[in-house]
Each structure stands twice: as C-alpha cells, then as structure tokens.
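Peer 1: Once you have looked at the hints, place chain B on chain A.
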Amino acid sequence: MQEAGIQFSVNGENVSVTVKHNETLADVLRQKLGLTGTKVGCDKGSCGACTVIMNGKTVSSCLIPAVKADKSEIITIEGISVNGELDPLQKAFIEEGAVQCGFCTPGMVLTAKALLDKNPNPTVDEIKKAIAGNLCRCTGYESIIAAVRRAAKAL
Amino acid sequence: MNYEIMRPSTLQECFDLLYALKNKKIIAGGTDLMVLIKEEKISPNYLIDVTNIADLRFIKESGNFIHIGSQALLSEVAKSDLTNKYAPILAEAIENMAHPHIRNMGTVAGNIANASPAADTATPLIVLSSKVKVSNKKEELWVDIDSFFTGPGKTVLNEYDLITEIKIPKLGSLEGTAFIKLGKRKATSLSVINVAVYIKLGADKKTIESARIALGSVAPTPIRVKGAEESLAGNQICERILDEAGEAAKNEIKPITDVRGSDWYRKEMAEVLVKRAVQLAVERAR
Numbered sequence: 010m011q012e013a014g015i016q017f018s019v020n021g022e023n024v025s026v027t028v029k030h031n032e033t034l035a036d037v038l039r040q041k042l043g044l045t046g047t048k049v050g051c052d053k054g055s056c057g058a059c060t061v062i063m064n065g066k067t068v069s070s071c072l073i074p075a076v077k078a079d080k081s082e083i084i085t086i087e088g089i090s091v092n093g094e095l096d097p098l099q100k101a102f103i104e105e106g107a108v109q110c111g112f113c114t115p116g117m118v119l120t121a122k123a124l125l126d127k128n129p130n131p132t133v134d135e136i137k138k139a140i141a142g143n144l145c146r147c148t149g150y151e152s153i154i155a156a157v158r159r160a161a162k163a164l
Numbered sequence: 185m186n187y188e189i190m191r192p193s194t195l196q197e198c199f200d201l202l203y204a205l206k207n208k209k210i211i212a213g214g215t216d217l218m219v220l221i222k223e224e225k226i227s228p229n230y231l232i233d234v235t236n237i238a239d240l241r242f243i244k245e246s247g248n249f250i251h252i253g254s255q256a257l258l259s260e261v262a263k264s265d266l267t268n269k270y271a272p273i274l275a276e277a278i279e280n281m282a283h284p285h286i287r288n289m290g291t292v293a294g295n296i297a298n299a300s301p302a303a304d305t306a307t308p309l310i311v312l313s314s315k316v317k318v319s320n321k322k323e324e325l326w327v328d329i330d331s332f333f334t335g336p337g338k339t340v341l342n343e344y345d346l347i348t349e350i351k352i353p354k355l356g357s358l359e360g361t362a363f364i365k366l367g368k369r370k371a372t373s374l375s376v377i378n379v380a381v382y383i384k385l386g387a388d389k390k391t392i393e394s395a396r397i398a399l400g401s402v403a404p405t406p407i408r409v410k411g412a413e414e415s416l417a418g419n420q421i422c423e424r425i426l427d428e429a430g431e432a433a434k435n436e437i438k439p440i441t442d443v444r445g446s447d448w449y450r451k452e453m454a455e456v457l458v459k460r461a462v463q464l465a466v467e468r469a470r
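Chains A and B supply the protein sequences, listed in that same order. According to the numbering used here, the first sequence holds residues 10 to 164 in order. According to the numbering used here, the second sequence holds residues 185 to 470 in order.
Here chain A stands alone, though its shape is the one from the complex:
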C-alpha cells in the first residue's frame, strides 16, 4: 500500500502525517490526529456528518483522499471554540435546543459558520439552502435554523 507524507494546517496548527493513498481526509482526521469531532455517517458524501472546512469551503471529508489535503488549511469542529470558550454559534445551538444526539452537530456548526462568515444576515431560505447537505434525524431542523438566526443577530 502506497504511503505519502503530507503537511497541512488543522485548526491553525501545522501537522505532518504519513497517510495511505487509500485513506480519506475523514479517516486521517479521526484516526491519525484524534480529531473525532468529525463524524462518518453515510461514508458517501450525502449526509454531511463528515463536513469540514478546507481552504475556506465546506467539503465532505469522507470523499477526499487524504493526500489531497497536502498544503491545505483545514478547520474542524475542534477549531471553532477558542481557548475553551464556545463560539456564539455553538452557544446559540445549545440555547435553541439544536443539539439532540449531537451526531450532525459538528457538520451543522461548521456549515453554519461558513455561511455566517460570508453572509452575516441570512434569510431562512438561505439558511435552509446552506444546510441542505447536512441531515439531522433528531431535531426536525427548526431549532437548528433558529440557532443560526440567533447567532446572526448576535453578530
């Protein structure tokens, strides 16, 4: 099995890892870097549980061969809180009851963060479109949408 050494930044920190060619970014984040906040749900890019931010854009990390992360900037859910302090978006999720089992939450929060970074005052429709790639089996989405709106108001 072919291996490659790659270097990239994760949540602001530079890391060097040796990865197998057939490993995905999700595999490497979870198993080699211990960043298990990123989840693997469907493992085929449909559910959004594996969402991370790569070079400023949300992507489905279960479909990305790890070698493609070389020289990239990755943000995972672990990078959202700063010095142990929750980001206002994370606080809004808690306040609105938008976290039930928590499995979709990392992907949802990162997606919402990417949205608010580009569009600080989204309409409900814009929020729905932005989270269209993140499935939640618990909340029915209303509390998630309310959380994003709440965070937007606080910005």
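None of these hints come from the bench; they were simulated from the model. Treat the hints with care, as some may be off.
To be verified - In silico EDC-like pairs for lysine to aspartate or glutamate, Cα to Cα no more than 16 Å straight-line:
(1) B:K222 to A:D52
(2) B:K351 to B:E431
(3) B:K370 to A:E135
(4) B:K451 to B:E428
(5) A:K53 to B:E224
(6) A:K41 to A:E87
(7) B:K209 to B:E224
(8) A:K138 to B:E279
(9) A:K80 to B:D233
(10) A:K53 to B:E223
(11) B:K410 to B:E431
(12) A:K137 to B:E279
(13) B:K370 to A:D134
(14) A:K29 to B:E431
(15) B:K222 to A:D36
(16) A:K53 to A:D36
(17) B:K263 to A:E135
(18) A:K137 to A:E151
Peer 2: Chain B alone, transformed into the frame defined by chain A:
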C-alpha cells in the same frame, strides 16, 4: 480499494501518466468516483488527481464565448459573474445539484465525463450549443456537446483523454433560457427528469424564431427533443403552441421505469415541465 494516487502539476505530466499507466481513473472532485470506489463498482490501480494543474481552474470570456476550465469548481462556476450574465442556465442547473459541500468539490467536466443520463449540467450545455475541449498527449480537439455522450456512463473520451475546457456561446438579446429539475426532494437527489430550454425570439418579441430543448433522465443519454423544438420554431407565442411543445416532447421520448420514477410519470412530467420551461425562457428572452 487499493490504489496509488498520482498528482501531476502540469498538463504534460498528466498526459504522460495517462499514456503510461493502465487501469487508471482521473480524479478531480471525486464526488462520483470515490462513491464508485467505496461501493466497489470499480477498482482502479491508479487515480490521477488533476486538481493541482493550475492552468485548468479558470472562468473567463473572450469575444462571443465564455470559457470554463475543467477544474473550475461547480460552486465557483455557479457564482461567477460571467456565468450569471452570459450562461445563467448553467448557474441555475448547478444550484440544483447535490448539495453545497459537493458543489465545492465537483466540476462541470467531471459531471459530463461521468455521463449519467441525469447529469444536470449536460442539458444546459446542450441547449447552449457548447463545445468540449478534449486533450491528450498527441492532440487537442473540440467536440460538440451534442456528440459527446454515447450511452449511460459513456462518452467519446478514451483512456488517454482529459477534458481541459468547456466553451459556451454568450447569451444575447432576444435569447432566453430556463432549467427545471424534478427530483424526489429539493437537494441531494438525482433527477427524475430535468429540462433545459433555449429560446430565440423574433425581433417583434411575439414569435419564437428558434428553440432548443434538452431532457435528462429520459433516455440512455441526455437528449434533444427536436419534434418539440420544430413545433415552436416560427410560431406566434400563445398557449396552444406551448401545449403542443409539451405534448410533442412527451410523445417523442421513451423513458424507462427505474427506482426514481415510472416511464409514464416521466412522460407526464416531460409535458408539464417542457411547457413551463419554454414559458419561462420566453419571458426571460423578453
């Protein structure tokens, strides 16, 4: 799933690899390919990652065309001012594809190379009379999108070829387009049927000078419905000719029944959506 990933940084390197390696696949966004690999439907020995080839990531204009490099991301193409001004139907179609994370990874070239009959960028490219630049170590040639698809999952590309660019004539005055996708839900769904329409109005804005109508998911490849097109050409715009176009499209196609819908439902929807899309394209042309 045991493969080696090659990451050429120039076109020349890439062409050499395509010639030298056996049992290889090109990977760009990987949003179709990686699923096929994980489901063990294909087992390539090599993946040639073309996303490092910087000269393929452009969206630009020259004269009467816009040019989309094969590595421009779907989301970039959809948001580009050039696309929205000169080929809005392509932006419209892309916004209906999969979901935002996939659109941040996938490419138009990948969508057409994968050649699903349901490919959402295919029907817009067809009604815009686009051309695809196919390049390899020995030559490069432009292929009309009309001749690009040869069967479900099959194109004119051979194992040495790489799509490098897609060229689209700019939309002008008195021209209007519309794209409608019917899926089983609003995102992350393959088309049950998709419809792309291009209309050119006569100078009086009351007649249709010409029309191009393409349907996806109703045949082994995305297809044009020339009967419906001809039923519109040269006619005054009225409810009756819109009805006739819809009916002509319905009668022309022989869709199959599959997991996403039955043959009769696709025919019913072809009639409804062709009429709706033509109406929309006419309004926009005005």
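Peer 1: None of the hints should be skipped; say for each whether it holds.
Peer 2: Hint-by-hint comparison with the structure:
Proximity of K222 (chain B) to D52 (chain A) is assessed by CA-CA distance (about 8 Å); at most 16 Å being required, the pair is judged to hold. For the proposed pair K351 (chain B) and E431 (chain B), the alpha carbon gap of about 32 Å is over 16 Å, so the pair is violated. Taking the CA atoms of K370 (chain B) and E135 (chain A), the gap is near 14 Å; set against the 16 Å cutoff, the hint holds. Under the criterion of a C-alpha separation no larger than 16 Å, the hint pairing K451 (chain B) with E428 (chain B) is consistent with the structure, at around 14 Å.
At most 16 Å may separate the alpha-carbon atoms for a hinted pair to count; K53 (chain A) and E224 (chain B) meet this at roughly 12 Å. Between K41 (chain A) and E87 (chain A) the alpha-carbon distance is near 15 Å, which keeps this suggested pair within the 16 Å criterion. At roughly 14 Å between alpha-carbon atoms, K209 (chain B) and E224 (chain B) fall within 16 Å of each other, so this suggested pair holds. Proximity of K138 (chain A) to E279 (chain B) is assessed by CA-CA distance (about 9 Å); at most 16 Å being required, the pair is judged to hold.
At most 16 Å may separate the alpha-carbon atoms for a hinted pair to count; K80 (chain A) and D233 (chain B) meet this at roughly 15 Å. Restraint check for K53 (chain A) and E223 (chain B): satisfied, since their Cα atoms lie roughly 9 Å apart, inside the 16 Å limit. At most 16 Å may separate the alpha-carbon atoms for a hinted pair to count; K410 (chain B) and E431 (chain B) meet this at roughly 12 Å. With a C-alpha separation of about 13 Å, the suggested pairing of K137 (chain A) with E279 (chain B) holds against the 16 Å cut-off.
For the proposed pair K370 (chain B) and D134 (chain A), the alpha carbon gap of about 12 Å is at most 16 Å, so the pair holds. For a cut-off of 16 Å, the pair hint linking K29 (chain A) to E431 (chain B) is broken: about 55 Å separates their Cα positions. A hinted pair counts as satisfied when its Cα atoms are at most 16 Å apart, and K222 (chain B) with D36 (chain A) qualifies at roughly 13 Å. Restraint check for K53 (chain A) and D36 (chain A): the C-alpha separation of about 13 Å stays at or below 16 Å, so the hint holds.
For the suggested pair K263 (chain B) and E135 (chain A), the alpha carbons sit about 15 Å apart, so the restraint of at most 16 Å is met. Restraint check for K137 (chain A) and E151 (chain A): the C-alpha separation of about 10 Å stays at or below 16 Å, so the hint holds.
Taken one by one, the earlier hints fail for this structure at numbers 2 and 14, listed in ascending order.
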